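> Here are the chains, one letter per residue:
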Amino acid sequence: MLTQRLLLSDRGGMIVLGLIALTAVIVPILNLAVPHDSIFHVSTYTVTLLGKFLCYALLALSVDLIWGYAGILSLGHGAFFALGGYAMGMYLMRQIGDRGQYGNPELPDFMVFLNWDALPWYWQGFDMFWFAMLMVLVVPGLLALVFGWLAFRSRVTGVYFAIITQALTYALMLAFFRNEMGFGGNNGLTDFKDILGFSITASGTRVSLFVMSALMLILAYLACRYIVTSRMGRIIVSIRDAESRTRFCGYKVESYKLWLFVFSSVLAGIAGALYVPQVGIINPGEFSPLNSIELVVWVATGGRGTLFGAIVGAFAVNYGKTIFTSWSPEAWLFVLGSLFVLVTLVLPKGLVGLVARFKRTNKTPPNDTPDNTPKTPTLKPAEETH
Amino acid sequence: MNIFNQARRTLGQSDPNFGAPLDTTHGPILYVEGVTVSFDGFRALNNLNLYVDEGELRCIIGPNGAGKTTMMDVITGKTKPDSGSVYFGQQINLLELSEHQIARGGIGRKFQKPTIFEALTVYENLELATAADKRVWWTLTQSLNSSQRYRIDEVLVQIGLADLRHHNAGALSHGQKQWLEIGMLLMQNPRVLLVDEPVAGMTGEETEKTAELLVSLAGDHSVIVVEHDMKFVRSIARKVTVLHQGSVLTEGTMDQVQNDPKVIEVYLGE
Amino acid sequence: MPNLQWLLKSLLGLCLLTSLAHSAMAQTDTESDKPTSTATTEFETLVHELPKGSLSKRGQTIKALAMVNDERVPSVIEALQQGNLYADRGNPPTVAISSGKDAFIDALSGEAVAADTAEKLKRIPINNRMRSQLRTLLAAININHAQPDIRLNAVKQLISDGVDDDSVELLKTRQSTEPDAKVRDAITIAIALFNVESEDPSARLDAIALFSGSLEPEVRTKLTELATSDDNKQVRTKAQQALNAIEDRIAVYRFGENVFFGLSLGSVLLLSAIGLAITFGVMGVINMAHGELMMIGAYTTWVVQQIFPNQITYSLLIAVPAAFVVAGLVGIAIERGVIRFLYGRPLETLLATFGISLILQQAARSIFSPLNRAVSLPDWMSGSMEINPVLSITYNRFYILIFGLVVFFVLMMILKKTSLGLKVRAVSQNRSMARAVGVRANWVDALTFGLGSGIAGIAGVALSQLTNVGPNLGQAYIIDSFMVVVFGGVGNLWGTLVGAMGLGIINKFLEPYAGAVLAKVLVLVLLILFIQKKPKGLFPQKGRAAAD
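Residue numbers (our numbering), protein chains in the order written: chain R, 3 to 388; chain C, 755 to 1024; chain V, 2 to 549.
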């Protein structure tokens, strides 16, 4: 029953999840068991790169859940990602112990450099893994709860919401750049040594983190499927399409938006926490508004309103980015910019929509099966009201 | 303190006002008294008084700008009036409640333009409107029970869309959308139905069917219909209220109203 | 720290050595000079003496020179003081004043120095003590200058250098004949500063009485000193009272200064936000590339200055219309090419225009290099207007404030009085109705968007006068400008004005307490809280239409 609901009715999702699961099994074998000189060997660099993409996919999933289904465009989701990342980074910093340059057993290097003599209160407890992991969930969730409550309560919607979320992440970026905040300022947190006692650079650790990311993504995907296929999921879509009507049906729209937003930001926080040990650094740049808006484009490129579309988009755009930036860094911004324009103008349903359209023209004439993607008018100049 | 209470309400979402049964011992189910609403100096409602009895079918007519839609906005909590009071039964002050609380409490509203959820099927539309626990957690974890599903089937028959239950609501005809929306109101088990221009843009046959439907609803529910189409009003009306410039011009049967010199002046004077 | 002290000591030692060597050389020099010197005026002799001899001898020469009554004296002393006086090793030496890069004017004749001579010129060295001696001398000369502001500066110079027995006489003589009130007040302060050193407590009290309300920093230092350590109790209380009165006045001016800085920041926000207010408020279009249109305006200014390098003074007169046209055309292109397909889909518009902003930024990087370009300030924009020692207003900020208001009111007029404005308002209120009465909605859209973009271009010109021009110029302002529009309320230009000025002032008043970055963060937080109370901004659109 539940399998039917979560998986079997979602063919695209099944394919994508299958691929991820397959990669999660094969890549570790190819990395650890296949000798280095074999052409089938997958380098640790590639494992880390794929792990990074998986984290991005999780982040994209979290954005798709609120944007694709509830129509809430957050341009500040990078902030939750970064907060999760900082929580993990703080744990990793504490694990360095006296192996830092200044050899202080308690304080991270940058605090010694700032002449601080004790850990600030908000760094307490981060030497315990369970506490740090709790904070990975609590900090982004709490921020989303407070911020979302303030915003949704006063019925801030649409572009207004987009703009104030952008302002939120911008403000956090400015704040985290300050040395006095106690998060390493400009340089952020880096030079990590080990996680749970395993060296962070070892292939084994890298592969474990990669597998963890894949598992987390699959779990999160199923959780999101559970939400969007529940009665709540249909209410959320209703809110997106006719907010006021939903309200007159007796639903407290604010609560639905709020809890979905909180859940989504917790997912983003988890993505950040998995991301940091793999790339080995977290700095205020992660809060930059550009990052947040870029990830919205991943979702748009993949196809919003279909959960697997977000994953496809995250992989496609980031793979493109890796290729382009190594070829010509200047060209990448042109490509990314054009992607924004092209996706909104000619691919409103993203790659997933393109594939669906292709299949439809090849097979049967269009039918009127339930269509869960957002309504998007075809390409034509607007005639009626704004 | 206020903000704290609101926080608790957002998070906990209890509806303390609707624990007790509605008290209609004095007759009317809806009291609108001395309500004034102004936008930028323009008085959309001007000391409006209106009482609707339980089980009554009331038609409200009036020229454009008479304040019909604003009146509905006030009753359903969309607009807060500058002054006046609105009570649901003897006890419940509607002005203290928000839209969803009023809707849960038993006042359903159909909009002027049919607003249904076009991305969902007919069945899902009704499912959404079903009177069930509408708090976040329950909608996430529970599906409807068999009696609630049975109720949906009932309403599907009542509004004549039983055959189209799995069709996309967006693909329905204009008239069918209107009925679906009325069906959604019915799913809420409302005590009062506010229906804004139900037959606008309908064919003659559709209009007749709609009239039948609304008449059959009265008695179990109080139905307030706002309409321009005089022929339609005549076909269903028992008691008619004429609004003009934000207040009640006159009330009575259709014949009384049509022969009232004030009404003739308002309509012909335009 | 110890390193620095060591460095100073060794430098001092080095100076001593060189001055010894100089004096040894000087003696031989003067011997050989005498026979060749012809009968010239005293001024010329002294000027010829200047390059020669030891530093201490040069000091005496300078003193003598200052006594000479010759109109060329101030320019020579000033040049010497600023290190602009050069001489060669000729006999008599050519003494010349540097007048810019590799250009010299003969100190005696006032004519330009030939290039071959100029090559041999060397700077006449002076030390720090001489530099301040020269400053005082210059002040003494200038105190009788014909122009009042030069006299005022001379008195101020004396005040900051410390008034001594010689200069107080100078001041006293001038005080009786001084026609200008401002200069007279300054002289009074200067004399009082001298008198306050007097042994006699009553003389000190009289002097303190004269200080009332003076804002010179020297006065404050002196009063603080007196209030804490004078041996006479009455002097101490009086000094404290005078000090308190001055502090109160300063607080008022500081407040005024904050208001001015706030308004100045506000005017920048206003310029960047009114373009947005049109595209967002009137048309409902979110244009994330707005900042880049400002960047285009700023680069236009730079290009105009590159084309007319000799007309910097008038460059802004060309740059403003040029930036308007260039940014406006780019805006129209964006509207026709992208935005018109997206009306009614604000979130998609936001994303697409963000993409455009990335492309424009990268284009600027490719065309103009990623480095910042410095745009020159015309003379009339540079410098500042000193209202008193505490409060001074820089001209560029002042003119930009005026300019922002002018642009605002002109735009207001365009929307209120012209037929374009009427059509814009008609289309924004009811598109199909406007079309029915014959308004070409597409055309109005394009023009409106062009107008908003053009104003962004103008804002860019103004910005180029405050900061460097670079590809990231626009990004820094886009979020702030949106905040202004949200704060002020959409669809109301007055809201934009009040919003911009309000946010500017709040920002500047928070800065001293919280620091620039935290102030910004606080403003954002305040704004989010503000939306709780007034979700539609300060000046919301009212009525039934606005409710949906």
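Among the hints, a few may not be true.
Below, computed lysine-lysine pairings styled on DSS-like, alpha-carbon distance capped at 27 Å [to be verified]:
no., chain 1, residue 1, chain 2, residue 2
1, V, K157, V, K123
2, C, K832, C, K867
3, V, K537, C, K867
4, V, K157, V, K173
5, V, K535, C, K832
6, C, K832, V, K157
7, C, K993, C, K867
8, V, K234, C, K834
9, R, K361, R, K54
10, V, K535, C, K834
11, C, K985, C, K1016
12, C, K985, C, K867
13, V, K183, V, K234
14, C, K834, V, K123
15, V, K183, V, K173
16, V, K417, V, K537
17, C, K963, C, K867
18, V, K64, V, K157
19, C, K993, C, K963
20, C, K1016, C, K963
21, V, K64, C, K832
Don't read these hints as lab results, they were simulated from the structure.
Being a predicted model, the structure only gives us computed values, none of them experimental.
> Decide, hint by hint, whether the structure agrees.
Going down the list of hints, with the structure as the test:
1. Our distance criterion of 27 Å between C-alpha atoms is broken by V/K157 and V/K123, whose separation comes to about 32 Å.
2. A threshold of 27 Å between alpha carbons decides the hint, and for C/K832 with C/K867 the separation of about 16 Å falls inside it, so the pair holds.
3. Restraint check: the Cα-Cα separation between V/K537 and C/K867 comes to about 25 Å, which is no more than 27 Å; the hinted pair holds.
4. In summary, the hint linking V/K157 to V/K173 is supported, as the alpha carbons are separated by about 15 Å, within the 27 Å threshold.
5. The straight-line distance between the Cα atoms of V/K535 and C/K832 is roughly 17 Å, inside the 27 Å bound, and the hint therefore holds.
6. A distance of roughly 68 Å separates the Cα atoms of C/K832 and V/K157; the hinted pair therefore is violated under the 27 Å criterion.
7. With a C-alpha separation of about 25 Å, the suggested pairing of C/K993 with C/K867 holds against the 27 Å cut-off.
8. Taking the CA atoms of V/K234 and C/K834, the gap is about 69 Å. The hint is violated against a cut of 27 Å.
9. With a C-alpha separation of about 31 Å, the suggested pairing of R/K361 with R/K54 is violated against the 27 Å cut-off.
10. For the suggested pair V/K535 and C/K834, the alpha carbons sit about 15 Å apart, so the restraint of at most 27 Å is met.
11. Restraint check for C/K985 and C/K1016: satisfied, since their Cα atoms lie roughly 20 Å apart, inside the 27 Å limit.
12. Proximity of C/K985 to C/K867 is assessed by CA-CA distance (about 20 Å); at most 27 Å being required, the pair is judged to hold.
13. Distance restraint check for V/K183 and V/K234: the Cα-Cα separation of roughly 32 Å exceeds the 27 Å cut-off, and the hinted pair is therefore not satisfied.
14. For the hint linking C/K834 to V/K123, the alpha-carbon distance of about 85 Å lies beyond 27 Å, and the restraint is violated.
15. This hinted pair checks out: V/K183 and V/K173 have alpha carbons roughly 15 Å apart, not beyond 27 Å.
16. Proximity of V/K417 to V/K537 is assessed by CA-CA distance (about 23 Å); at most 27 Å being required, the pair is judged to hold.
17. Restraint check for C/K963 and C/K867: the C-alpha separation of about 18 Å stays at or below 27 Å, so the hint holds.
18. Simply put, V/K64 and V/K157 have alpha-carbon atoms about 21 Å apart, close enough for the 27 Å limit, and the pair holds.
19. Distance restraint check for C/K993 and C/K963: the Cα-Cα separation of roughly 20 Å lies within the 27 Å cut-off, and the hinted pair is therefore satisfied.
20. At most 27 Å may separate the alpha-carbon atoms for a hinted pair to count; C/K1016 and C/K963 exceed this at roughly 32 Å.
21. Taking the CA atoms of V/K64 and C/K832, the gap is about 88 Å. The hint is violated against a cut of 27 Å.
Figure legend: structure checked against the earlier numbered hints; hints not met, in rising order: 1, 6, 8, 9, 13, 14, 20 and 21.
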